[in-house]
Amino acid sequence: MAELLPQQRHRHIVSEVERQGQVRVAELAAQLSVSEMTVRRDLTFLAGDGILIKVHGGAMKEGAATSSEPGFTTKLGMQTGEKERIAARAADLVRPGMSVAFNSGTTTYALAHRCTTVDDLTVVTNSPRIAQVFYDADNRSQTIILTGGVRTPSDALVGPIALAAIEQLHVDLYVMGVHGMTAEHGFTTPNMQEAHVNREFLRHAGRTAVVADHAKWGVTGLCSIAPLDAVDTVVTDDRLPAAAVEHLEHTAGEVLIAAAAKSNHHANESGA
Numbered sequence: 001m002a003e004l005l006p007q008q009r010h011r012h013i014v015s016e017v018e019r020q021g022q023v024r025v026a027e028l029a030a031q032l033s034v035s036e037m038t039v040r041r042d043l044t045f046l047a048g049d050g051i052l053i054k055v056h057g058g059a060m061k062e063g064a065a066t067s068s069e070p071g072f073t074t075k076l077g078m079q080t081g082e083k084e085r086i087a088a089r090a091a092d093l094v095r096p097g098m099s100v101a102f103n104s105g106t107t108t109y110a111l112a113h114r115c116t117t118v119d120d121l122t123v124v125t126n127s128p129r130i131a132q133v134f135y136d137a138d139n140r141s142q143t144i145i146l147t148g149g150v151r152t153p154s155d156a157l158v159g160p161i162a163l164a165a166i167e168q169l170h171v172d173l174y175v176m177g178v179h180g181m182t183a184e185h186g187f188t189t190p191n192m193q194e195a196h197v198n199r200e201f202l203r204h205a206g207r208t209a210v211v212a213d214h215a216k217w218g219v220t221g222l223c224s225i226a227p228l229d230a231v232d233t234v235v236t237d238d239r240l241p242a243a244a245v246e247h248l249e250h251t252a253g254e255v256l257i258a259a260a261a262k263s264n265h266h267a268n269e270s271g272a
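The sequence shown begins at 1 in UniProt numbering and counts up one residue at a time.
No lab work stands behind these hints, which were simulated from the structure alone. Possibly wrong hints are sitting among the right ones.
What follows is a list of derived Cβ distance ranges for each label pair [said to hold, decoys possible]:
no.	residue 1	residue 2	range
1	Pro227	Asp172	16 to 24 Å
2	Gly148	Gln7	43 to 51 Å
3	Thr143	Leu5	51 to 59 Å
Ideal Cβ positions, reconstructed from N, Cα and C, are used throughout, including at glycine.
Let the sequences and hints guide you as you build the complete structure.
Listed below in C-alpha cells is the structure:
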C-alpha cells in the first residue's frame, strides 16, 4: 500500500470504528502499513475532535464503551495469525480421553479445528459453531455436548438453560476465550450473561486455561469474569509485552507463549 496522507488514514480509521465499534492499534497499523506510534497519534487527534474514544490499545465508537461487542464474523478476521499459533500451542493441553469445555470465541474456534483428531474426547461447548466443527469432522470416538440457551452477538449460548446444563458437568479442562484482560479487572467480556456462563464453566473444571492474543491485554469489557489468578494457564503470543507476561506469571502462574515461526531468510542466516 502506498503511503497515505494523514487525512486518508483518518478516514480509514473512522470507517473501521464505525464498522466494528472498536478497533485495535496493531490491526490499524497493519492495515495502513504504518507504525503503531503513527496510529496512536492519529487516534489522539481524532479523539481530540470527539470523533472516537481512545482506550488502552485502541479506540472505540462514541457511546460503545465497555459494552461494545463485535460479532463473531468480525472478530474472526482479527489477529488471525496469532490466534492460529495460540491454538497450536494450546492443543498440547488436550489429550485423548479427556473431557474438555470450550466457550464461544474465535481463538477457541481455531483450537477446536486442531482437536478434531483427538480420540475419545468429550467436548462441552456453548458455541454452535464449535460444535459444528466437531460434528463435521465426524470422529466417531468423540462425544459432543452443546448447551442450549439464547444466542449472543458472539454466537454464545447463554441464560438459564446453558447454566443448568453446565452445573451438572465436571470437565478435565476448560479453555476460555476472553474479550479483554487487565491487571486491575482480570478477564472480562462485554456481555453479562456470557460472564455468568464462563464463571460456571470455571467452577466445573479441573484445570482452566485462557487463550488470548496480545491485543486483549489492556482491554476491559463491561463485565468481569474472574481475576487473573482464577485460571491455571494463559496461552498467548510473543507480542504480549514482557511486563504483562511477568504479571501473568505472578498471578495465573503458567504462561505459554506461541512464538511466530522464523522466516527462511533468518533460518538461512543462522545456518550460515
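Whether the CB-CB distance between Thr143 and Leu5 falls inside 51 to 59 Å: Given a distance of about 57 Å, which is inside 51 to 59 Å, the answer is holds.
Assessment of proposed distance window 43 to 51 Å (beta carbons of Gly148, Gln7): 50 Å, holds
Outcome of range test on Cβ distance (Pro227, Asp172; 16 to 24 Å): Since the Cβ atoms of Pro227 and Asp172 sit about 22 Å apart, the hinted range of 16 to 24 Å holds.
In summary, this structure violates none of the numbered hints.
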